[in-house]
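Undergrad: Sequence:
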Amino acid sequence: MNTTQADTYGLVVTLPATLDGGELTRLHALIDAKADLITTSLHASRLDITITDEGLSFPWWDHLPDFETITAYTEFLTKLVAYAKRIRRTVPRRPKSVVNEKYEMRAFFYRLGLGGSEYKQVRKVLLTPLSGHSAWKEPKK
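So for the sequence shown, numbering that gives the first Met the number 0 puts the first residue at 0; every next one is plus one.
Hints are not guaranteed to be accurate.
[Unchecked claim] Below, computed lysine-lysine pairings styled on DSS-like, alpha-carbon distance capped at 27 Å:
(1) K33 <-> K84
(2) K78 <-> K119
(3) K78 <-> K136
(4) K123 <-> K78
(5) K123 <-> K84
(6) K123 <-> K33
(7) K119 <-> K33
(8) K78 <-> K33
(9) K119 <-> K136
(10) K84 <-> K119
(11) K136 <-> K33
Derived by calculation from the structure, the hints in this document are not laboratory data.
Being a predicted model, the structure only gives us computed values, none of them experimental.
Construct all of the structure, not just a fragment, from the sequences and the given hints.
TA: Laid out in structure tokens, this is it:
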């Protein structure tokens, strides 16, 4: 894992991973399906993926966040890539309006494997910018 500050980007996270064509397609499909939530949660300016000699690079940020936030971003991306390798298919979905961003993203985190007390701080950092409540899909009536 390599986290660098580039001249044209604020932060580029590079993971030492190799993906075949199907896995890369699934990774793109996952990112496209959750693009709005990922952009808001990670304060990402863009959602590009670059394949380099070092691995997969995610030049998503124009700013350099603090260390705790970089750690959360890196953990999320590591789990996202591992999930893209693990799943067999993705179902393309039309973008839908999300009523409760925190709940939707929290459910996605658990699918990626970001559950449990060891990832509590990662979830806290990444859910903070989102609106809604993480425990209920719809507000209590």
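Undergrad: Determine for every hint whether it applies to the structure shown.
TA: Here is what the structure says about each hint:
1. K33 <-> K84: Roughly 17 Å between the alpha carbons, so the hint for K33 and K84 holds.
2. K78 <-> K119: 14 Å, holds
3. K78 <-> K136: Cα-Cα ~23 Å, so holds.
4. K123 <-> K78: Answer holds: K123 to K78 is near 16 Å, not above 27 Å.
5. K123 <-> K84: 25 Å, holds
6. K123 <-> K33: Measuring from Cα to Cα gives roughly 18 Å; hence the hint holds.
7. K119 <-> K33: 21 Å, holds
8. K78 <-> K33: 15 Å, holds
9. K119 <-> K136: At roughly 20 Å apart (the allowed maximum being 27 Å), K136 and K119 satisfy the hint.
10. K84 <-> K119: Since the Cα atoms of K84 and K119 sit roughly 24 Å apart, the hinted pair holds (cutoff 27 Å).
11. K136 <-> K33: 16 Å, holds
Violated hints are absent here; each numbered hint is respected by the structure.
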